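Asks: Residue numbers (this note's numbering), protein chains in the order written: chain L, 1 to 255; chain C, 256 to 666.
Treat the hints loosely; a few may be bogus.
[Said to hold, decoys possible] Heads up, simulated DSBU-like pairs for lysine-lysine below, C-alpha to C-alpha not over 30 Å straight-line: (1) C/Lys289 <-> L/Lys105; (2) L/Lys7 <-> C/Lys288; (3) L/Lys105 <-> C/Lys409; (4) C/Lys409 <-> C/Lys543; (5) C/Lys454 <-> C/Lys289; (6) L/Lys120 <-> C/Lys615; (7) C/Lys325 <-> C/Lys289; (8) C/Lys288 <-> L/Lys105.
[As the list claims (entries may be wrong)] Here are some of the chain C residues that sit facing chain L, going by a computed Cβ distance under 10 Å: (9) Tyr308; (10) Leu312; (11) Leu536; (12) Val589; (13) Ser604.
[Said to hold, decoys possible] Far from chain C, by Cβ distances over 12 Å, these chain L residues were calculated: (14) Thr30; (15) Asp74; (16) Leu104; (17) Tyr174; (18) Arg184.
Keep in mind the hints are simulated off the structure, nothing from the lab. Because the structure is a prediction, the values reported are computed rather than measured. All C-beta atoms in this analysis are idealised placements derived from N, C-alpha and C, irrespective of residue type, glycine included.
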Amino acid sequence: MIKNFQKSISLLFIIFVIVAVGLFHYSTDTFLSLNMWLIIIISIISIFLTWRQLFLVVLTTILIVGFSIFFITDQTLGNQFDLIGEHVLLSASLLLIWVMATVLKRMEIVLQHQRETINKLEKYQGSTEILSNDEFKSRVKLITKATDRRGAKNMVIEFSVSTVKTTEKALHAYIAETILKTIRQEYDLVTKTDQQHYIVFLQDTNEIGVEKVTERFFQTIRHHLNEIKLPVTYKYYEATNYDFDLLAPREGDPS
Amino acid sequence: MMVYVLVIIMAFFWCMLVYYSVLTIAGVYRRQKKLDDTPLESYPSVAVLVPCYNEGLVLNDTLDALSQLKYPGELNVYILDDQSSDNTKEIAEAFQWRFSHIHYLLVPEMEIKGKSSVLNYGLQSTKSDYFCVFDGDNQPEPESVLRLVHAAEKTKKAAGAVGYVKTINAEKNILTRMIALEFQVFQLLMQSGRYQLFKAGALAGTNMLLRREVIEEAGGYDPKALAEDAELTVRVSSLGYLLPVVHHARTWEQEPEQLKTLIKQRTRWLTGNLYLLEKSLYTFKFWKGRTFVHSLQHILTYLVFIFFLAFSNIWFILGLIGYPLPSVNTPLLVLWFLSYVVYSAQIASAMVLEDTLTPKNVGVGVLMYFTYAQLFLIMLFKSMIQYISGRLFKKQTKWDKTKRYKKDRLQ
Numbered sequence: 001m002i003k004n005f006q007k008s009i010s011l012l013f014i015i016f017v018i019v020a021v022g023l024f025h026y027s028t029d030t031f032l033s034l035n036m037w038l039i040i041i042i043s044i045i046s047i048f049l050t051w052r053q054l055f056l057v058v059l060t061t062i063l064i065v066g067f068s069i070f071f072i073t074d075q076t077l078g079n080q081f082d083l084i085g086e087h088v089l090l091s092a093s094l095l096l097i098w099v100m101a102t103v104l105k106r107m108e109i110v111l112q113h114q115r116e117t118i119n120k121l122e123k124y125q126g127s128t129e130i131l132s133n134d135e136f137k138s139r140v141k142l143i144t145k146a147t148d149r150r151g152a153k154n155m156v157i158e159f160s161v162s163t164v165k166t167t168e169k170a171l172h173a174y175i176a177e178t179i180l181k182t183i184r185q186e187y188d189l190v191t192k193t194d195q196q197h198y199i200v201f202l203q204d205t206n207e208i209g210v211e212k213v214t215e216r217f218f219q220t221i222r223h224h225l226n227e228i229k230l231p232v233t234y235k236y237y238e239a240t241n242y243d244f245d246l247l248a249p250r251e252g253d254p255s
Numbered sequence: 256m257m258v259y260v261l262v263i264i265m266a267f268f269w270c271m272l273v274y275y276s277v278l279t280i281a282g283v284y285r286r287q288k289k290l291d292d293t294p295l296e297s298y299p300s301v302a303v304l305v306p307c308y309n310e311g312l313v314l315n316d317t318l319d320a321l322s323q324l325k326y327p328g329e330l331n332v333y334i335l336d337d338q339s340s341d342n343t344k345e346i347a348e349a350f351q352w353r354f355s356h357i358h359y360l361l362v363p364e365m366e367i368k369g370k371s372s373v374l375n376y377g378l379q380s381t382k383s384d385y386f387c388v389f390d391g392d393n394q395p396e397p398e399s400v401l402r403l404v405h406a407a408e409k410t411k412k413a414a415g416a417v418g419y420v421k422t423i424n425a426e427k428n429i430l431t432r433m434i435a436l437e438f439q440v441f442q443l444l445m446q447s448g449r450y451q452l453f454k455a456g457a458l459a460g461t462n463m464l465l466r467r468e469v470i471e472e473a474g475g476y477d478p479k480a481l482a483e484d485a486e487l488t489v490r491v492s493s494l495g496y497l498l499p500v501v502h503h504a505r506t507w508e509q510e511p512e513q514l515k516t517l518i519k520q521r522t523r524w525l526t527g528n529l530y531l532l533e534k535s536l537y538t539f540k541f542w543k544g545r546t547f548v549h550s551l552q553h554i555l556t557y558l559v560f561i562f563f564l565a566f567s568n569i570w571f572i573l574g575l576i577g578y579p580l581p582s583v584n585t586p587l588l589v590l591w592f593l594s595y596v597v598y599s600a601q602i603a604s605a606m607v608l609e610d611t612l613t614p615k616n617v618g619v620g621v622l623m624y625f626t627y628a629q630l631f632l633i634m635l636f637k638s639m640i641q642y643i644s645g646r647l648f649k650k651q652t653k654w655d656k657t658k659r660y661k662k663d664r665l666q
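Chain C extracted, bound-state conformation:
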């Protein structure tokens, strides 16, 4: 029995490796496509929503960048202040007085606090054909919104478009360097690959554009969702819309500089994904058409993969302590080697495409497999405990804002 389970696990891992290899190749292929910047005949109006809570440290740089967005149509920027207690209001108002297209909105006290509620308030308070979301620490490049609109308008059945998030403080320390590499691989390469193969793009929490009528059709943001981007992606896809991935539309954001902050942030993301996983288990329309790719990926990553990994780890530990295990004739060493090859191929591809292939980054990439990548397991178990206890004691998980740092300004 144990032998069969082990063989199934290996077959599963092998299939996952093949799948990720194909995604990598497709991602590299898509990334080579040229930018289509031909102008539109007319430009739809866009509301840029910036949810903020105590963003005083970074908001000035954010608004500097947002005030320089190039867009030929009507574009308004709305700072959605979720009752900040620092100088967020002063900074936003200074920009509001100076620029006619920048507006400050104080969000009233909400029943469920968090980014989703703030965005819902922003959507109710504004009018536009499209809305675009940037986090409070983001510094988008001037053409970012324009390129998202181009992709959304030129793609049939597009609900909007999603851009690429780059790390502004990548050089700060080894952790931020690893996060930057992870973003390059999983955001740029895997996203692009999934869109190339299945036309299944996923919304990011920032640098994303959506048609207003689509979010209205989807029923707005789910206030309980901690990973509001992933949750909304599944609902939008289930309506049959596409989300093109535009790697030329870039924004820069700060990433956690300390391990503790990273674990806190990722635990929240993973808890949000577990909420979505549960939702997808009982929502039939989450398994229809293109949505199947998103839901299957969720199930495989957060359920099947974890179960199999736990089993193989137990097998490994039992072997180490000398427990008599049945011998299995399988090329385990080759399988392990292949996982390392696929992982390295992804990291190297991302570095090549982003032109960040330096000896230091290669060294960090080699180390990542044994260090940073393993953190995923710890964080997933932490968020599982958090999620299950929240469900058992009927407690809503609190929205934690990621810590900001002064000062990484885009040159």
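Bound-form chain L, shown alone:
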């Protein structure tokens, strides 16, 4: 696909160059700079407009230039032919700019869409076993259905990490690894929402379970980190008070 795309763009660009050279070669003195400026302006605005908006601009330009021929021709057959030829080449140049911009913008949309699909399909974040947000949400949904049926309770712990830039990467690698070691690997889930927050979902447990996990976690990091005030804080919630779509506590949660 990418190979074909490269070929199409190269081909379109070659045709554009040939047409543009033809246009400048045949342009009469008066219209040479006008044609050049039109091509430059359309090329620049093609960066900012959507492909539909750009089409509207190109279409309007072609029609306005076309109608102006009626007023500038000296009415001899030769002059009418020259101006028509010039207009055909200018229109072709502008349309080729539009076609190239459209092909590129569409490819960008396809890539964006594919990136989103890949994000959805990815189970883990990076090389860790921290789940991707989408995977975390869908697994929480499944587990919640089962625990609801059994009448069991689930808990959520939100760890917040504060770092300085120099040690950020190393600290996060360590914290992620410790959280994964602290939880019950077959039952509990972990995801990272941004550069500061980790969400841990503990199934079939209560406040005592939360205490055990946090105790284990802080004991471990206290030995490893050379700081009096630990850079990690936590809050916990009952899962029913947590909005898993937003990955945030529900408003007015009493935790």
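Given the coordinates of chain L, assemble chain C onto it according to the supplied hints.
Replies: Just chain C now, with coordinates in the frame of chain L:
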């Protein structure tokens, strides 16, 4: 004298080209507007009327599509059978037994046969806030009626709304491909452009929605009108109502696959337009306010344009056979080139907006100017003769049903 006439003709053609260019740009602009699908607080009731006469070949697909219409309010579908002699009744009744909102109505023998009479009967036999019309071969998309209602309810002074008709058998042959392109240009682009500039939308024969109280105020369909949609548009506009154009509300229909069928269908449409033209010449209220745009367009297209075109063709032929004509200093070549540019711009715009810009369609579009577009003249003269002879001998032109084909199903 001849020179002056020629200069006037050229000025007229030039103005027409400018007008159509502006319409094209306005149409492209309007087509880019985003769809407003925010739900209403409550939904009015809608009666979907489907006039049918021997639709056995296509009715099953039509009802499959109609049964899938998504509408949160009360919606009933009425098959109005105009005494069909094929299996239309069996198909419609099978759906009536299965679905509580689909109903079969046998239309009694009417004094003047035709779609207008059938629709009038449908209106008398049903009750609803709005009614919507689909032809017997139509396959509307599920959201079509919903979007029409949204536009009608959200537009101030709207009498209803009109959707967009797409060609289901566009790939069948070169003729259907040309018809599909023509619909894209004249329905989608010109309609949208006229609504954007003058708020003058026009009803189509299908995929249109109208408030019941408006049609009652207008006095129902005119049974003598062969182009009932165009005729009703002018009457509704003359009452001061708007008809928003909703290009997101789409239906798919079959178009003629043979030239003979196309000529028959279009001759009927054009005859209907000539009837409307005559009516507008003596009806003062057809020239008031927004209706002026519709009536002027009729006069320019079916009278002035034809007269000028005939004159310029005679001039051209006289020149060819060597008749001594006065020389006129005018850029005729540029004028011809401009007509081709405007025509190509319309075709290209429609293809771009509909995402049908393929090399094959571009080729067909290039050919259309020299082939399909010229058919208009032949058909207009045919319908003129038909209309004038009908008036002279006081004969009502018969309603001809367009031939249907099996089988183009919407996927």
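Asks: Below or equal to 30 Å on CA atoms is what counts here, so check lysine 289 of chain C against lysine 105 of chain L.
Replies: Status holds; Cα separation ~19 Å.
Asks: Holds or violated: are the alpha carbons of lysine 454 of chain C and lysine 289 of chain C at most 30 Å from each other?
Replies: At roughly 18 Å apart (the allowed maximum being 30 Å), lysine 289 of chain C and lysine 454 of chain C satisfy the hint.
Asks: Compare the distance between the alpha carbons of lysine 409 of chain C and lysine 543 of chain C with 30 Å, and conclude whether the hinted pair is satisfied.
Replies: Within the cut-off at roughly 25 Å; holds.
Asks: Would the hint linking lysine 288 of chain C and lysine 105 of chain L be met if the CA-CA limit is 30 Å?
Replies: This hinted pair holds, its Cα atoms lying about 19 Å apart.
Asks: Hey, lysine 325 of chain C versus lysine 289 of chain C, does the alpha-carbon distance stay inside 30 Å?
Replies: Holds, because 20 Å separates the two Cα atoms, which is no more than 30 Å.
Asks: Do the numbers back the hint for tyrosine 308 of chain C, that is, is its least Cβ distance to chain L under 10 Å?
Replies: 41 Å, violated
Asks: Is it the case that arginine 184 of chain L keeps its Cβ farther than 12 Å from each residue Cβ in chain C?
Replies: For arginine 184 of chain L, whose nearest Cβ neighbour in chain C is about 45 Å away, the distance exceeds 12 Å, so it holds.
Asks: Minimum Cβ distance from leucine 536 of chain C to chain L below 10 Å?
Replies: 32 Å, violated
Asks: Is the Cβ of leucine 104 of chain L more than 12 Å away from each Cβ in chain C?
Replies: 16 Å, holds
Asks: For a C-alpha distance cap of 30 Å, please report whether lysine 7 of chain L and lysine 288 of chain C respect it.
Replies: Judged against 30 Å, a Cα distance of about 33 Å means the pair is violated.
Asks: If we take the beta carbon of aspartate 74 of chain L, is the closest beta carbon in chain C still more than 12 Å away?
Replies: Check fails; 9 Å does not lie beyond 12 Å.
Asks: Below or equal to 30 Å on CA atoms is what counts here, so check lysine 120 of chain L against lysine 615 of chain C.
Replies: Violated, because 38 Å separates the two Cα atoms, which is more than 30 Å.
In the structure shown, a violation is registered for the earlier hints numbered 2, 3, 6, 9, 10, 11 and 15, in ascending order.
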